[in-house]
Amino acid sequence: MANADTDQSVYYVPHSGWYPVVLALGLMLTVTGLASWLNDTKAGEPHTWTQSIIGFAMVAFVLYCWFAKVIAENQQGLANEQLKRSYVWGMGWFIFSEVMFFAAFFGALFYTRSIAVAWLGGEGAKGIVGDYLWPEFDATWPVMSNPDATAFPGPAENMKAPSVSSWYAYLPFWNTAILLFSSVTIHWAHSAIKANNRKKLIGWLLFTVVLGIIFVGLQIEEYVIAYTQMGLTLDSGIYGSTFFLLTGFHGFHVTLGTIILIVQLYRAIKGHFNSQDCFGFEAASWYWHFVDVVWVGLFIFVYVL
Amino acid sequence: MSEVIHAGQQDDHHDDHHDHGPDKGLARWLFTTNHKDIGTLYLWFSFAMFLVGGVMALVIRTELFQPGLQFVNPEFFNQMTTNHGLIMVFGAIMPAFVGLANWLVPMQVGAPDMALPRMNNLSFWILPFAFGIMISTLFMEGGGPNFGWTFYAPLSTTYAPDSVTFFIFAVHLMGASSIMGSINIIATILNMRAPGMTLMKMPLFIWTWLITAYLLIAVMPVLAGAVTMMLFDIHFGTSFFNAAGGGDPVMFQHIFWFFGHPEVYIMILPAFGVISHIIPAFARKTLFGYDSMVYAVASIAFLSFIVWAHHMFTVGMPLAGQLFFMYTTMLIAIPTGVKVFNWTATMWRGSMTFETPMLFAIAFVVLFTIGGFSGLMLAITPVDYQYHDTYFVVAHFHYVLVPGALFSIIAAVYFWFPKWTGKMYNETLGKLHFWLSFIGVNITFFPQHFSGLAGMPRRIPDYPLQFADFNMVSSVGAFIFGFSQLFFLYVIIHGIRSGTPAKARAWEGAKGLEWTLPSPAPYHSFTHPPKVTDEEVHA
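These protein sequences, in sequence, are chains F and U.
Each residue of the first sequence is one higher than the last, beginning at 1 in our numbering.
Each residue of the second sequence is one higher than the last, beginning at 1 in our numbering.
Some clues are possibly wrong.
Said to hold, decoys possible - Just some of the chain F residues that point at chain U, by a computed CB distance under 8 Å:
#	residue
1	F94
2	Y111
3	A169
Stated by the list, open to error - In silico BS3-like cross-links for lysine-lysine, where the CA-CA straight-line distance does not exceed 25 Å:
#	chain 1	residue 1	chain 2	residue 2
4	F	K69	U	K24
5	U	K423	U	K24
6	U	K531	U	K201
7	F	K84	U	K431
8	F	K270	F	K84
9	U	K431	U	K285
Because the hints were derived from the structure by calculation, they are not lab data.
Quick caveat, the model's predicted, so the values are computed rather than measured.
Note that the Cβ used here is the ideal one computed from N, Cα and C, for glycine as well.
Please put together the full structure from these sequences, using the hints given.
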């Protein structure tokens, strides 16, 4: 009891610092630069990336300093058990917020697919408007021919999964296998930390990073095929919209997760982790499992069903 | 437990060697990691935004003083209604509650500071930049957002001014700020409570903020998703909200209100917490039905996720959907009724006095209940067909947000003012502020029920002659209310400069750990966890 009290008495409240306000400034420069760029592009005017790049460089630099400082504080022993629990709660709720971000896009997929497209095709009492506006529109999923086929030409092909027997030639299946396996390898890396086996930790972590990079590479390959051979683009109607935003944001998160894992790999090589003190690694692995679970959802609802 | 020493007695002699006071000058406010400094920043920021949004409201009321177009053009009027709503919701009410949380959560749970102090500063400093972007859109070519605070597609996509791109990123920034702020509050509440403060011994302000923070983390990312889809529809040719490409503009409304309805409770649950502190303090009784208050707040939070389409009854939903959302919406009246009953029962046979915070709290109970009843009327689907998009809706949500959320914030400022500043405001001035606000708010919004029931649509700069009298009354009330908030500023500054010194327990009936600290509270609240005594819980 007395021990717990002593620990709490040194809950580390950091000194004031310039990171947050500079990070906020960097974010502002990034997004306003991006918005100007988008608007200028849309208006067909000359545009520049300069402001966004400066802003993003500020964001990246501050994040680097900030994380480095938190790691250094931990190494100096300033972070007690209670502070570490704050980080655990923080990471958990951050992942929950990410889940809800994807929920918005999955919601859009379910709503358009089972409600909006059906009504546009004339189904039920609400189908009368669709019947009146676009009588020739046929409600199918994936939507290959859009209600207004001139404004939104549909894709020539889609990404739907073939029958299970020919999955060996189906790229998303291999991506699924890669990502699922990477969840296992990161678990093995975690077990290695718990056994204080640094060599194994570095090995499995490196393996996971490689799998992550392969996954992102194959996603890029898939997008190239979609754009160049299948006519499946962002502007090919609701199927392309949901397909690219769901898989695109997932791919973005895998990229982010891979960067986080590379940082953990660097820290593992520097010997930061031991079986008692490895939350940086654990947070990264939670994030990795999270993007894996999202992918399983994507594979089922975007590709297979 | 022998080593647990009361922090209030402890501060002066023990902590100097590892304590760090505030920086000097501007650096203190830019770089701070202190929950009180950040709370102060939030509160002053929200007051500034309240004045900006208030000026916009007065532009609206000036134009509506008489029928006809005489003061602003319709295009600018639309920008005013849109930005008034957005600034009041995201810039005034929400940051004010986060400011209160920053000040009070560490003191009420017995913690030294917020769990993640640097991120706390980041959450705040994103906001001035986000609102800088949003307000700057008004000066851009083509004007600022003009599509209503709910920014329905396709008004906000196909037909939007170019500045909508900036608006979208401003919303992203606000969302990031809210999510980080909420994570911080949850981590503080779940991880930093003094030993002995179990969940069911937490003050109600803590309970309501815990649940509010959960709602924020659940729905702000959904809003981010909605504006991201808008961004892609506008700039990258997707068709989420365009039926020609197989999408659906109604889907925007579904996603928006899945965020928007919990958002409504984000703005009222902390108010419930504040009122649950003030009424017991001035009735000199413990709160009636603590447990049921907690369960009521949790039920309201749960229900907030399954009622969203009651904002969309006239959009063309299947009958089954309308029935579902009508009944779930009406269910909310039950936990809300529990709360109003408990506040009233707390006052029953109490030794009541009527200082300024109590006046605002009682006005809250009465006027918020009026807003609740008009909400119940709007929940009835066939009746909503008549009321939808009329001034009756405007009257309804202003009754829950102005004498509801805003009054609770003002009440909280008066109630905890002595703890924050160490001074007592002038009670006569405070009461004057209350009566001016109370009269002004009712003159402004009560007539809008009548013009709404008679069919006056919202968001228009001109109206038929038959609504002239009600609108004139409403505009007079708006100016009374608006200028009495400048008087509020005077009362506060007067209190800070020449208020009389306040005792540690500034109100004799006030309970809770924050009142065991000296007034003003020390820079770091509880460097050592205090002892949680039975008298200080369930206040």
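Given the hinted pair K431 (chain U) and K285 (chain U), is their alpha-carbon gap at most 25 Å?
Distance of about 23 Å is within 25 Å: holds.
Does the closest beta carbon of chain U sit nearer than 8 Å to the beta carbon of F94 (chain F)?
With Cβ-Cβ at 6 Å, under 8 Å, it holds.
Proposed proximity, K84 (chain F) with K270 (chain F) (alpha carbon, max 25 Å)
Holds - the C-alpha atoms of K84 (chain F) and K270 (chain F) are around 21 Å apart, at most 25 Å.
25 Å limit on alpha-carbon distance, applied to hinted pair K69 (chain F) and K24 (chain U):
23 Å, holds
What's the verdict on K423 (chain U) and K24 (chain U), does the C-alpha distance respect the 25 Å limit or exceed it?
22 Å, holds
Against the 25 Å threshold, does the CA-CA distance of K531 (chain U) and K201 (chain U) hold or violate the hint?
13 Å, holds
Hint consistency between K84 (chain F) and K431 (chain U) [alpha-carbon to alpha-carbon, up to 25 Å]
47 Å, violated
Taking the closest Cβ pair, is Y111 (chain F) under 8 Å from chain U?
This hint holds: Y111 (chain F) lies near chain U, its Cβ roughly 5 Å from the closest one there, short of 8 Å.
Would you check whether A169 (chain F) satisfies its interface hint, that is, whether its CB is within less than 8 Å of any CB in chain U?
Constraint on A169 (chain F) not satisfied, violated at 29 Å.
Going through the hint list in order, the structure does not satisfy hints 3, 7.
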